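Asker: Below are the chains, spelled out letter by letter.
Number of protein chains: 2
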Amino acid sequence: MNELLKQNIKRHINLSEDELKMFNTYFKTKVIHKKNYLLKAGEVCKYEAFVIKGCFRVFSIDKNGNENVLYFAISDWWLSDIDSFTNQIPSQLFIQALEDSEILLINKSNKVKAYQEIPKIERLFRIMTQKFLVSNQRRILQNHSLTSEERYQYFLANYPQIAQKITNIQLASYLGITHEFVSKIRRKIAQKK
Amino acid sequence: MNELLKQNIKRHINLSEDELKMFNTYFKTKVIHKKNYLLKAGEVCKYEAFVIKGCFRVFSIDKNGNENVLYFAISDWWLSDIDSFTNQIPSQLFIQALEDSEILLINKSNKVKAYQEIPKIERLFRIMTQKFLVSNQRRILQNHSLTSEERYQYFLANYPQIAQKITNIQLASYLGITHEFVSKIRRKIAQKK
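Protein chains in written order, with my numbering: chain A, 1122 to 1314; chain U, 1122 to 1314.
One thing to keep in mind: the hints can contain errors.
If chains are identical, the list can't say which one is meant, so a pair holds when it fits in one copy or spans any two.
Unchecked claim - 27 Å max Cα-Cα, derived BS3-like pairs, lysine-lysine:
#, residue 1, residue 2
1, LYS1234, LYS1252
2, LYS1313, LYS1184
3, LYS1184, LYS1309
To be clear, the hints were calculated from the coordinates, so they are not data collected in a lab.
Treat the numbers as computed from the prediction; the structure is a model and nothing was measured.
Build out the structure end to end from the sequences listed, making use of the hints.
Answerer: Shown next, in the form of structure tokens:
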């Protein structure tokens, strides 16, 4: 089993070597080159992915053609459209590699099998989903309570590895502000130093 | 065990009568009168609640004193600040009863016990958390893609039972618009009929 996935699992549950070996058989490896897509709006999300290396952005495109970034994912993160994957309905999201990336994929029927054959996997994904929900809730609350500049600072402080992989435009689209405003904040911060 | 909770559980997992009986011992009943709070910002969220009857709103107050409603909960819904409850950190949220309400409460140590003694409970909360995450994601996407009027219509169509329990001001605070705008939408819709 990939060492990064093994360590990711170990942080939450204890699996025996046999269980790890079995869980591993449910995944396949995929390389996605820069600018290519794991998922496009209109498709049903067939996989949940674990990122081994690289960087992805998950975004929607609104009626006016504006891109809105839901989140970014780098190595050691789980990645999917949970709505489309869980409910097997067409996705509203695009998942695009921002650099050459490598992922492990598990499909829906293998995930169901994993739950049945290794019940501890329920715990793993209960905890993962909880963490995801917490970060979503924090983001909604921050959009209400913090200024654009404060949200920018929070992002840099909490996701420094992502910040160095993405452009001003991509970050602006995540923060829900214009990229001119991101440049302005950056200049302002540079002047303070 | 309360019949509503029993049916709620049954939709997702099968518990034996003994398991239901055991799970039931982890809960206590509480009545919360209209306008009273289950949680206030600054407190650590000690309980997850299952609503038997009544209606709650979960909201934050920003620096300018504006209330932002995160969600509403009525009978058959689960209710908590998942961030504060999971991580045992002070909450940023208020949970207030909008009418005389009755809930079942489970505290953190009993929830941990439930996971240990009835492993199928992991599955129950994995599914619950997933559903919550899906509805959160839909809300974020709607804020990007739908107009205020479309979001208002979506709320009425999907949560008719909640819509009849809340005021224009509370709904406006959930939709992120002014209550004058909600009144305007309501007038416009009335004229169309």
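Asker: What are the numbers of the hints the structure violates, in ascending order?
Answerer: Going through the list in order, the structure violates no hint and respects every one.
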